[in-house]
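Trainee: Below, each chain spelled out in residue letters.
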Amino acid sequence: DQQVKQNSPSLSVQEGRISILNCDYTNSMFDYFLWYKKYPAEGPTFLISISSIKDKNEDGRFTVFLNKSAKHLSLHIVPSQPGDSAVYFCAASAVGGGADGLTFGKGTHLIIQP
Amino acid sequence: DAEITQSPRHKITETGRQVTLACHQTWNHNNMFWYRQDLGHGLRLIHYSYGVQDTNKGEVSDGYSVSRSNTEDLPLTLESAASSQTSVYFCASSESAISEQYFGPGTRLTVT
Numbered sequence: 001d002q003q004v005k006q007n008s009p010s011l012s013v014q015e016g017r018i019s020i021l022n023c024d025y026t027n028s029m030f031d032y033f034l035w036y037k038k039y040p041a042e043g044p045t046f047l048i049s050i051s052s053i054k055d056k057n058e059d060g061r062f063t064v065f066l067n068k069s070a071k072h073l074s075l076h077i078v079p080s081q082p083g084d085s086a087v088y089f090c091a092a093s094a095v096g097g098g099a100d101g102l103t104f105g106k107g108t109h110l111i112i113q114p
Numbered sequence: 001d002a003e004i005t006q007s008p009r010h011k012i013t014e015t016g017r018q019v020t021l022a023c024h025q026t027w028n029h030n031n032m033f034w035y036r037q038d039l040g041h042g043l044r045l046i047h048y049s050y051g052v053q054d055t056n057k058g059e060v061s062d063g064y065s066v067s068r069s070n071t072e073d074l075p076l077t078l079e080s081a082a083s084s085q086t087s088v089y090f091c092a093s094s095e096s097a098i099s100e101q102y103f104g105p106g107t108r109l110t111v112t
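Protein sequence lines, in the order shown, are assigned to chains A and B.
Just so it is clear: in the first sequence, position 85 is 85 by my numbering, and no numbers are missing.
Just so it is clear: in the second sequence, position 30 is 30 by my numbering, and no numbers are missing.
Calculated from the structure, these hints are not laboratory results.
It is possible that some hints are incorrect.
Unchecked claim - Listed below are several chain B residues computed to face chain A (Cβ distance under 7 Å; list not exhaustive):
hint	residue
1	Phe33
2	Gly42
3	Leu45
4	Gly51
5	Val52
6	Gly58
7	Tyr64
8	Phe90
9	Glu100
10	Phe103
11	Gly104
12	Gly106
Predicted model only: the values in this text are computed from it and were never measured.
Cβ coordinates follow ideal geometry from the N, Cα and C atoms, glycine included.
Pulled out of the complex, with its shape left as it was, chain A reads as follows (with noise of 0.2 Å):
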């Protein structure tokens, strides 16, 4: 039973345009949600993150959106570069009920195509 889903496993986007990578989950417990990019053969580094108090969260190029009510997070990446290319990870976390870790989501692969 897959709590956090993203349902595209590779999305092509020409570069300078907008990227927008779509994340749902289940479990209604939780509260924090974060992004990771990741390079083949490195180990995953951090994006962006939100708080289930906000519905939007910004930082340079990158923006996520969450959307309670419809369980749904996106990811967009304003202009789109050819570093990029990576795979993104949406996770997610319940605050104070333990913290079991994060739940992953299986990931989509983004190629910037010049």
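Using the hints, position chain B against chain A.
Mentor: Just chain B, lined up with the frame of chain A:
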């Protein structure tokens, strides 16, 4: 600079052998985690620790154990390696139980 390291980076072992993967962090974080990454599964939590002498089971803990004798290290032991444990293993640490986790570079383990 603070960092989190894993060793070895690559390991090949035989079925039935005991294997220990090392994880060392210099962030002075209390919280440490072990995940495995498999194609089609993303990252799944194996074990975690919120401090010295504290260990907890994650989603896929069967066949694995950890011990926490100091703040810096959380070694992961496969008691009797199985082919199903062929995977890439990542260690992570965080300042709090819900803050961002910092990941090591990973260990690729092959069980033949």
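Trainee: It remains to establish, for every hint, whether it holds in the given structure.
Mentor: Going down the list of hints, with the structure as the test:
no.: 1; hint: Phe33; result: holds, 5 Å
no.: 2; hint: Gly42; result: holds, 4 Å
no.: 3; hint: Leu45; result: holds, 4 Å
no.: 4; hint: Gly51; result: violated, 13 Å
no.: 5; hint: Val52; result: violated, 18 Å
no.: 6; hint: Gly58; result: holds, 6 Å
no.: 7; hint: Tyr64; result: violated, 14 Å
no.: 8; hint: Phe90; result: holds, 5 Å
no.: 9; hint: Glu100; result: holds, 4 Å
no.: 10; hint: Phe103; result: holds, 3 Å
no.: 11; hint: Gly104; result: holds, 5 Å
no.: 12; hint: Gly106; result: holds, 5 Å
The structure fails hints 4, 5 and 7 (numbered hints given earlier, in ascending order).
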